[in-house]
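J.: Sequence:
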Amino acid sequence: MTTGVRRRMAVEQRRDQLISVALGLFGRRSPEDVSIDEIAETAGISRPLVYHYFPGKQSLYEAALRRAGDQLAALFVEPREGPLGARLLRVTHRFFDFVEDHGPGFTALMRGGPAAGSAAGAMLERVREAAYEQIVAHLGLARPAPRTELVVRSWISLAESTALLWLDGRQLARREVELQLVHDLAALAAVSAAYDEEMAGVLGRMLADEPADGPFGDLVGRLTALAPRPEPPRSQPPLSRPEPRLQAQPQAM
Numbered sequence: 034m035t036t037g038v039r040r041r042m043a044v045e046q047r048r049d050q051l052i053s054v055a056l057g058l059f060g061r062r063s064p065e066d067v068s069i070d071e072i073a074e075t076a077g078i079s080r081p082l083v084y085h086y087f088p089g090k091q092s093l094y095e096a097a098l099r100r101a102g103d104q105l106a107a108l109f110v111e112p113r114e115g116p117l118g119a120r121l122l123r124v125t126h127r128f129f130d131f132v133e134d135h136g137p138g139f140t141a142l143m144r145g146g147p148a149a150g151s152a153a154g155a156m157l158e159r160v161r162e163a164a165y166e167q168i169v170a171h172l173g174l175a176r177p178a179p180r181t182e183l184v185v186r187s188w189i190s191l192a193e194s195t196a197l198l199w200l201d202g203r204q205l206a207r208r209e210v211e212l213q214l215v216h217d218l219a220a221l222a223a224v225s226a227a228y229d230e231e232m233a234g235v236l237g238r239m240l241a242d243e244p245a246d247g248p249f250g251d252l253v254g255r256l257t258a259l260a261p262r263p264e265p266p267r268s269q270p271p272l273s274r275p276e277p278r279l280q281a282q283p284q285a286m
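The sequence shown maps to residues 34 to 286 in this note's numbering.
Fair warning: there could be bad hints in the mix.
Stated by the list, open to error - What follows is a list of derived Cβ distance ranges for each label pair:
#, residue 1, residue 2, range
1, Asp49, Leu256, 18 to 24 Å
2, Leu82, Pro179, 48 to 54 Å
3, Gly173, Ser53, 36 to 42 Å
4, Gly154, Val110, 19 to 25 Å
5, Ala175, Ala43, 43 to 49 Å
6, Arg267, Arg203, 45 to 51 Å
7, Ser92, Gly234, 46 to 52 Å
Because the hints were derived from the structure by calculation, they are not lab data. Being a predicted model, the structure only gives us computed values, none of them experimental. Think of the CB as a built atom: it goes at the ideal place given N, C-alpha and C, for glycine as much as any other residue.
Please build the complete structure, drawing on both the sequences and the hints.
T.: This is the structure in structure tokens:
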């Protein structure tokens with residue numbers, strides 16, 4: 034019995050190693066550009082041994098996707114303590130850590146390369162749902178109204194597209210992009226608050242608990258600086274009184 038347990042543990046350890054190796058390679062390059070030979074060489078085993086644990090590269094890719102999905106979903110877990118802006122900034126920072134470490138693989142996954150199939154779609158939906166549930170919980174809502182759901186899911190999509198655009202050239206400083214994403218959620222909430230009572234309450238709590246040097250306080254300061262300042266009233270010149278008109282004197286006969 035002891036030998037059997039050890040053999041099963043060894044198998045799981047080897048599978049875990051291959052998944053980690055594949056995830057690292059798929060992260061640095063598009064999955065289509067990674068071969069089984071390269072995976073075997075990096076893992077320090079033979080090509081046939083890779084096939085002993087996985088039927089092919091696609092099955093190994095799907096296992097790596099599940100591992101990546103677990104890692105991504107865990108990024109959104111944050112203690113619900115302190116100002117919301119600081120919490121969201123920490124979540125966004127961890128998200129961009131993952132994006133930067135797995136740039137090519139993240140890009141291939143999000144843009145639906147040939148290797149991306151139903152497994153990739155299922156993984157993405159699972160991660161998006163985990164992110165949605167975490168953000169809603171941070172907003173302090175049990176059952177959000179439809180407009181609130183629209184705001185949160187739109188922000189998650191925006192985070193994905195922003196990460197892809199940033200990877201394509203990295204023309205902006207990463208810290209600035211992370212902060213802008215947190216500001217984007219506040220902006221979406223502010224627009225929705227004009228239409229929805231629940232979002233108005235959420236926005237009020239977001240700003241009430243935010244220190245002046247927090248992300249949302251920073252946004253308010255930036256917007257205030259952009260607002261045009263009213264010009265001082267111009268002094269009006271005194272109204273001139275019309276000159277009295279002289280009546281013509283009658284001519285002497």
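J.: Hints the structure violates: just list their numbers, smallest first.
T.: Structure breaks hint 1 only.
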